[in-house]
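Enquirer: Protein chains in written order, with the working numbering: chain A, 34 to 283; chain B, 39 to 270.
Among the hints, erroneous ones may be present.
When the alpha-carbon atoms are kept at most 25 Å apart in a straight line, the in silico BS3-like pairs for lysine-lysine are as follows [claimed, not checked]: (1) A:Lys130 <-> B:Lys66; (2) A:Lys236 <-> A:Lys184; (3) A:Lys124 <-> B:Lys175; (4) B:Lys130 <-> B:Lys66; (5) B:Lys222 <-> B:Lys130; (6) B:Lys175 <-> A:Lys188.
Some chain B residues near chain A, calculated using beta-carbon distances under 8 Å [as the list claims (entries may be wrong)]: (7) Asn140; (8) Thr141; (9) Pro144; (10) Ala171; (11) Lys175; (12) Gln176; (13) Ala182; (14) Val185; (15) Leu227; (16) Pro264; (17) Val267.
Some chain A residues flagged as far from chain B (calculated, every beta-carbon gap over 12 Å) [stated by the list, open to error]: (18) Leu77; (19) Asp126; (20) Asp175; (21) Ala178; (22) Lys184; (23) Arg261.
Note that these hints are calculated values from the structure, not bench results.
Backbone N, C-alpha and C fix where the C-beta goes; we use that ideal spot for every residue, glycine too.
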Amino acid sequence: MTVAMNAPAGAAISLVSPAISCRGVVKSFGSGDVLIRVIHDVDLNVFAGQMTLLIGPSGCGKTTMISMIAGILTADQGEIDVFGTVVTKLKGDRLVKFRRENIGFIFQQFNLLPALTATENAAIPLIVQGVNESRANSKARDLLARLGLEKHLAKYPTQLSGGQQQRVAIARALVHEPRFIVCDEPTASLDAASGRAAMDLLKAAAVKPDRAVIVVTHDHRVFSFADRIISMSDGRVERTIDDPSQMDAN
Amino acid sequence: MIFPGRPRELGGTIEINDRRAVVAALVKSSANFSANVTIYTTYARAVGFTNNGRNQLSFVVGRAEEGVAPEVVARRISQDTNLRARTNNEFKWDTINYILANTGIPASFGAVIGLGIIVGVVVAGLTFNMFVADNIKQFASLKAIGVTNGTILQMVLVQALVVGAIGYAIGLGIVAWFFDTVPKVAVGLRGFYLPWEIAGGMALLTVAIMLVASMLSLRRVLTVDPAVVFRG
């Protein structure tokens with residue numbers, strides 16, 4: 034499978050300079066007496082060409098962290114740099130445009146639009162960017178076919194299994210060739226076999242030299258797919274594992 | 039009332055104020071608003087039937103000669119006789135204005151229509167609210183992906199207008215069928231019809247109801263935090 038990228042020709046891919054860097058990120062919810070700080074001065078890096086897993090127990094702040102990295106939640110303090118763009122400085126339409134052009138999302142519940150077919154769902158990011166509908170659908174069909182859904186292009190989400198819906202969601206995340214893929218518990222709604230298949234597909238289709246992929250999960254079964262693991266606890270980075278093969282999954 | 043216990047038949051005789059009258063024709067007219075019987079006859083016979091002389095007649099129906107404008111004839115009659123003469127259209131509006139000014143019909147009909155509008159807005163608004171609540175994660179996903187509020191606004195409004203158009207077409211079809219069919223068998227509904235002004239007015243009202251109903255729900259869509267997509 035090949036998924037072309039928008040990165041400039043000859044763009045340098047380096048593990049030394051991160052594709053995404055967070056410095057001193059702080060986030061609180063509530064106000065006054067019920068102000069709860071959920072992210073405490075977090076520094077973390079995500080590198081292009083890798084699948085980075087963000088793990089930790091429920092409530093540790095990993096979802097809040099990726100929401101801020103993806104620009105759908107605002108950090109109270111600190112700086113988040115995504116491929117050279119300081120996301121924390123973007124606001125309003127510029128932030129929406131940044132997300133539209135640079136980020137692909139894969140959600141735990143897939144969040145496909147029930148009234149649209151698999152092809153139409155996968156084509157949404159292109160149509161949102163203003164691409165002609167027939168061209169967008171054509172590109173979505175090609176990608177879905179490469180993800181093994183050629184017989185299900187015209188089916189609606191309710192006619193697809195959980196694994197098939199997740200593949201449509203993966204296609205929707207990749208179709209506009211974003212530089213950064215954010216996955217939130219992509220295997221949580223799938224059985225073991227479907228989860229492994231989805232992660233296989235995700236790794237093969239999404240991980241590219243000039244693209245960063247970050248997966249939030251606490252599913253131990255998918256740790257083997259990681260190139261790098263960042264473990265969080267109580268709103269802080271607990272440890273970073275650069276060689277997950279050495280990690281004891283238990 | 040005219041033919042008690044007898045079939046209605048042409049050529050039959052009836053008695054009106056002790057005078058014999060022969061039925062020359064039966065008119066399939068619309069139901070009389072005041073429930074009085076309407077008898078069509080010549081002026082001379084009408085004076086005779088009423089027993090009260092010509093001064094007690096409520097209306098005399100006349101027809102202008104060909105080529106003469108009814109308005110001109112009506113003005114001339116008024117000038118010459120000092121009686122009120124009206125054309126067909128003026129008489130219609132006199133009747134309507136009288137009913138509006140002197141009866142409770144505008145208030146009662148207005149209350150029914152107003153209630154219908156309120157029920158329409160509430161039902162459509164609740165339906166839209168349920169639609170939005172059921173799809174809030176999908177809307178949030180679209181916002182996360184980069185869909186602007188303006189595009190979401192267009193999506194919801196198009197949906198509202200399509201739903202409204204379908205509902206309007208079905209409703210208008212039922213009403214048109216009713217007015218076309220039922221008055222043929224229900225004498226009391228004769229004369230009921232569906233003027234284009236009512237159909238057009240209902241279309242505008244439907245659009246207004248759908249806009250108000252969708253606006254009430256849109257606030258929720260436009261203010262939804264895209265971060266909810268990551269919450270379970």
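Enquirer: Are the hints correct? Go through all of them and say.
Expert: Verification of the supplied hints:
1. A:Lys130 <-> B:Lys66: Status violated; Cα separation ~70 Å.
2. A:Lys236 <-> A:Lys184: 23 Å, holds
3. A:Lys124 <-> B:Lys175: With Cα atoms ~22 Å apart, Lys124 of chain A and Lys175 of chain B stay inside 25 Å; holds.
4. B:Lys130 <-> B:Lys66: 19 Å, holds
5. B:Lys222 <-> B:Lys130: Roughly 23 Å between the alpha carbons, so the hint for Lys222 of chain B and Lys130 of chain B holds.
6. B:Lys175 <-> A:Lys188: Roughly 21 Å between the alpha carbons, so the hint for Lys175 of chain B and Lys188 of chain A holds.
7. Asn140: Interface hint status for Asn140 of chain B: violated (53 Å vs cutoff 8 Å).
8. Thr141: Violated: closest Cβ of chain A sits about 50 Å from Thr141 of chain B, beyond 8 Å.
9. Pro144: Since the shortest Cβ distance to chain A is 44 Å, the answer is violated.
10. Ala171: 14 Å, violated
11. Lys175: Holds, because the Cβ-Cβ distance from Lys175 of chain B to chain A comes to roughly 5 Å (cut-off 8 Å).
12. Gln176: 5 Å, holds
13. Ala182: 5 Å, holds
14. Val185: 5 Å, holds
15. Leu227: 42 Å, violated
16. Pro264: 4 Å, holds
17. Val267: Cβ of Val267 of chain B sits 5 Å from chain A, so the hint holds.
18. Leu77: Leu77 of chain A clear of chain B: closest Cβ-Cβ about 17 Å, beyond 12 Å.
19. Asp126: 7 Å, violated
20. Asp175: 20 Å, holds
21. Ala178: Holds: least Cβ distance 22 Å, greater than 12 Å.
22. Lys184: 25 Å, holds
23. Arg261: Given a closest Cβ separation of 21 Å, the condition holds.
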